[in-house]
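**Q** Assemble the whole structure, with the sequences as input and the hints as a guide.
Per the working numbering, the very first residue in the sequence shown carries number 1; after that it's consecutive.
Some hints could be false.
[To be verified] Taking CB as the label site, the calculated pair distances span:
#1 33 x 283: 33 to 41 Å
#2 138 x 71: 25 to 33 Å
#3 237 x 54: 50 to 58 Å
#4 27 x 70: 18 to 26 Å
#5 297 x 58: 48 to 56 Å
#6 35 x 139: 33 to 41 Å
#7 234 x 46: 52 to 60 Å
[To be verified] Listed below are the simulated DSS-like cross-link pairs for lysine-lysine, each with C-alpha atoms no more than 27 Å apart in a straight line:
#8 123 x 258
#9 138 x 80
#10 258 x 198
#11 138 x 158
These aren't lab readings, by the way, just hints derived from the structure by calculation.
A virtual CB, placed ideally from N, CA and C, is assigned to each residue, including glycine.
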Amino acid sequence: MRNPGRIFTLSRFSIYFEMVAQTGSIRQAASALNVSPSAVNRQILAVEEDMQTPLFHRHSSGLSLTTAGELLLAAIISGKRDFEQFQSRLDGLSGLHGGVVEIAAIEAVSDRLIPDILSDVTKRHPRVEFRLQTLNFKAIWQAVSRNDVDFGISLAGKSSRQVRIVSTLQAAIGFVVRPDHPLAQREDARLNHGTGSKLILPDSTLAVGAAIQDGLAQHSLSLNPTFTSNRIASIKALIRSGLGVGMLTRMDVMNEVKAGELCFVPITESGIRPLGFSLFYNTQRRLSAAAQTTLDLIIESFNALAEQSGTTPP
1 MRNPGRIFTL SRFSIYFEMV AQTGSIRQAA SALNVSPSAV NRQILAVEED
51 MQTPLFHRHS SGLSLTTAGE LLLAAIISGK RDFEQFQSRL DGLSGLHGGV
101 VEIAAIEAVS DRLIPDILSD VTKRHPRVEF RLQTLNFKAI WQAVSRNDVD
151 FGISLAGKSS RQVRIVSTLQ AAIGFVVRPD HPLAQREDAR LNHGTGSKLI
201 LPDSTLAVGA AIQDGLAQHS LSLNPTFTSN RIASIKALIR SGLGVGMLTR
251 MDVMNEVKAG ELCFVPITES GIRPLGFSLF YNTQRRLSAA AQTTLDLIIE
301 SFNALAEQSG TTPP
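**A** What follows is the structure in structure tokens.
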């Protein structure tokens, strides 16, 4: 049986334990923590005795975690994350407007929409820290479902009991050209307006590329691009160089259009549907003041973009 009378300080032990797990050595961990090796060893032995199970395999070359040790390390890391969330909320309650805002987003928004919004939030909450992860769309839904981040922006999905969608944006797909290209004078276009031009297309590993391929399949059409790329930035660079006509979403080129560097011409072909983006969060997560402010600003931006493109967010 476990010894119910033994009490150990989890905070000190967790620091020692995590460092030993990282270094694989009690001596190296002690050196990094500026404590004696015997102090580290005593803490670990005491907990192993209390739990009546070893936390480390001890080899001549060092230490490695047992299965019990791996489970404990995961619990400690999870506890640290929960404590960071607590500190963030506490800052908001005390009026400090500090803390950390954690966001997971796909490339289409992390490189364009998000920077402007974070700039606005920083002006209002100068002590806020931001952790922005650019992930693929499935990983973002998973991160929000696991409550790893405050909220996510990914390809459109469905709300559930655990994950709530608070705003969506339909981003039209169209031709992207330089201002001196003949297509730049058009308000909209059909697919055949791109024939005769060298085409620069996103490949099917990108969401916009997959959407284009689906639309072409519905019309039993095929395009023979001169250039394909799995990076939005590379496609825009090729267009700016005058090497051809690109196909992207309005959101992909919003900054370049605003600056007058590129022009976006929406495609009206029925099969080329807009690409949907969703903003969502975990309903079990209580957002800090800064996180809520950031979320509200993104909703405002989604609404403004929808008005510009003549669509209404659901």
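**Q** Now tell me, hint by hint, if it's right for this structure.
**A** Here is how each hint holds up against the structure:
1. In this structure, residue 33 and residue 283 meet the distance hint of 33 to 41 Å, their C-beta atoms being roughly 39 Å apart.
2. About 26 Å separates the C-beta atoms of residue 138 and residue 71, a value consistent with the hinted range of 25 to 33 Å.
3. A hinted range of 50 to 58 Å for the beta carbons of residue 237 and residue 54 is consistent with their spacing of about 56 Å.
4. Taken as a hint, the range 18 to 26 Å holds for the pair residue 27 and residue 70, whose Cβ atoms sit roughly 22 Å apart.
5. Under the hint 48 to 56 Å, the C-beta atoms of residue 297 and residue 58, about 53 Å apart, fit the expected range.
6. In this structure the hint that residue 35 and residue 139 lie 33 to 41 Å apart at CB holds, the actual value being about 38 Å.
7. A beta carbon spacing of about 56 Å between residue 234 and residue 46 agrees with the range 52 to 60 Å that was offered as a hint.
8. For the given pair, residue 123 sits about 22 Å from residue 258 by alpha-carbon distance, which is consistent with the 27 Å threshold.
9. Straight-line distance between C-alpha atoms of residue 138 and residue 80 comes to about 25 Å, which keeps the hinted pair within the 27 Å bound.
10. Taken as a hint, the residue 258 and residue 198 pair is honoured in the structure, with Cα atoms around 24 Å apart against an allowance of 27 Å.
11. Annotation: proposed proximity of residue 138 to residue 158 holds, straight-line Cα distance about 13 Å (limit 27 Å).
In this structure, every one of the numbered hints holds.
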